[in-house]
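Chain order of the listed sequences is U and L.
Our numbering applies: residue 1 is where the first sequence begins, and numbers increase by one.
Our numbering applies: residue 1001 is where the second sequence begins, and numbers increase by one.
Heads up, a few of these hints could be off.
Stated by the list, open to error - Result set (SDA-like, lysine to any residue): computed pairs, CA atoms no more than 25 Å apart in a straight line:
hint, chain 1, residue 1, chain 2, residue 2
1, L, Lys1042, U, Val25
2, L, Lys1113, U, Arg104
3, L, Lys1157, U, Thr70
4, L, Lys1043, L, Ala1202
5, L, Lys1038, U, Phe53
6, L, Lys1157, U, Ile90
7, U, Lys54, L, Lys1109
8, L, Lys1043, U, Ile29
9, L, Lys1038, U, Thr105
10, L, Lys1109, U, Asn107
11, L, Lys1042, U, Pro34
12, L, Lys1043, L, Phe1030
13, L, Lys1113, U, Leu97
14, L, Lys1113, U, Gln103
15, L, Lys1157, L, Val1128
16, L, Lys1038, U, Ile55
17, L, Lys1042, U, Ile50
18, L, Lys1109, U, Glu102
19, L, Lys1157, L, Ala1213
20, L, Lys1109, U, Leu97
21, L, Lys1037, U, Arg56
22, L, Lys1037, L, Leu1195
23, L, Lys1109, U, Asn58
24, L, Lys1042, U, Thr22
25, L, Lys1038, U, Phe49
26, L, Lys1043, L, Ser1199
27, L, Lys1043, L, Arg1187
28, L, Lys1042, U, Phe32
29, L, Lys1113, L, Glu1190
These aren't lab readings, by the way, just hints derived from the structure by calculation.
In this text, all values refer to a predicted model and were calculated from it rather than measured experimentally.
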Amino acid sequence: MEKTIVQFILDNAFLFLPLGITGIVVTIILLFLPKQEATPEYEDVKSDFITIFKIRLNSYVLVYLFIWITMVIIGALSNFFIPTLIGGIIAAVPLILLVILEQRTNNSKVS
Amino acid sequence: MGFIEINLNFGENTQLLAPFIAMIAIVWVFLVYYSYKKYGTKKTIMYFLPIIIATLLIESAGVAGGRYYYSGYIIYLSVVGGAVPLIIILAWSVNLFLFMHMGKYFISKVYRKQNFLQIVSISVTAGVFGVCLDLLEDPIAHYNNWWIWETSLSGIKFFNVPILNFIGWFILIFFMSVATLLIERSRFSENRKVLLSISSLAITGSVIFIFHALIVRLFEFVGLS
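Could you put the whole structure together from the sequences, leaning on the hints where they help?
Okay, here's the thing in structure tokens:
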């Protein structure tokens, strides 16, 4: 009978427990060792943009779009239309949100 | 059974596996190179290595537990008895890096102050974006036998994919994003951040384990799993 990952880990606690304890001990040691550096309070995300054919695109949105297009094409080639259509619409939500947000931010900067 | 296994029957029992693997390989190479150029070696290790280790253990446990399996891939890795394709582990590192940075970009437009609330908001956004893409990817993967869920699994399914899978995606991306962002924004040196990102997997993994166990119990209690 199949087990959930949780059941599998519990059944093999002798394997995972030493790993976990070692990790926790090392983390505590690393956290409490001296020497620290300062970090800036704000992060600039503007440099995530790349320009292709004079169109300014966010690199991550571009990668997500590439994955989305590839998966939709594979879904269509598999003759698996309805799930691809429904999944494609849901998976397009992050893209739409990011594009709308980018446009609104640009418009508010102009006005 | 060794740590690395080679399968000579590429694509057996699957459809369109080659374009899927090619897509992951292209995206992984691009993002690792992009991260290396933009953030440097240490941050790139911090972004990619912990999730590779975490998902290697989780996926291997999932396969060893008999809930699903992978067929037709070339290189498999096995750490706790279940063979997981290398490309799937690399795909997970793409997922975390991509969704965490999309979450950063999205939240930075509406809330710029860098505090714990922003970290949680970014991580929630990353998890939701991840689930959105998985709702497209997982049914296609199951249909083409890229990974095969046991048909005996009960509970609510989305085109034959158990709903707990999507919850698992959210939990994993959410907590890994929280851990990565907390370490990234800490005041430790870069070397220590890299070490912390790996050692703290024990803590992040325990939290993921407890949350996942609670949700599985809850689903069983209400009869959804």
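Against the structure, the hints come out as follows:
no. : hint                    : result
1   : L:Lys1042 <-> U:Val25   : 22 Å, holds
2   : L:Lys1113 <-> U:Arg104  : 19 Å, holds
3   : L:Lys1157 <-> U:Thr70   : 24 Å, holds
4   : L:Lys1043 <-> L:Ala1202 : 20 Å, holds
5   : L:Lys1038 <-> U:Phe53   : 22 Å, holds
6   : L:Lys1157 <-> U:Ile90   : 16 Å, holds
7   : U:Lys54 <-> L:Lys1109   : 23 Å, holds
8   : L:Lys1043 <-> U:Ile29   : 21 Å, holds
9   : L:Lys1038 <-> U:Thr105  : 24 Å, holds
10  : L:Lys1109 <-> U:Asn107  : 13 Å, holds
11  : L:Lys1042 <-> U:Pro34   : 20 Å, holds
12  : L:Lys1043 <-> L:Phe1030 : 16 Å, holds
13  : L:Lys1113 <-> U:Leu97   : 21 Å, holds
14  : L:Lys1113 <-> U:Gln103  : 21 Å, holds
15  : L:Lys1157 <-> L:Val1128 : 18 Å, holds
16  : L:Lys1038 <-> U:Ile55   : 21 Å, holds
17  : L:Lys1042 <-> U:Ile50   : 23 Å, holds
18  : L:Lys1109 <-> U:Glu102  : 8 Å, holds
19  : L:Lys1157 <-> L:Ala1213 : 19 Å, holds
20  : L:Lys1109 <-> U:Leu97   : 11 Å, holds
21  : L:Lys1037 <-> U:Arg56   : 19 Å, holds
22  : L:Lys1037 <-> L:Leu1195 : 21 Å, holds
23  : L:Lys1109 <-> U:Asn58   : 13 Å, holds
24  : L:Lys1042 <-> U:Thr22   : 23 Å, holds
25  : L:Lys1038 <-> U:Phe49   : 12 Å, holds
26  : L:Lys1043 <-> L:Ser1199 : 15 Å, holds
27  : L:Lys1043 <-> L:Arg1187 : 14 Å, holds
28  : L:Lys1042 <-> U:Phe32   : 21 Å, holds
29  : L:Lys1113 <-> L:Glu1190 : 22 Å, holds
Comparing the model with each numbered hint stated earlier shows that all of them hold.
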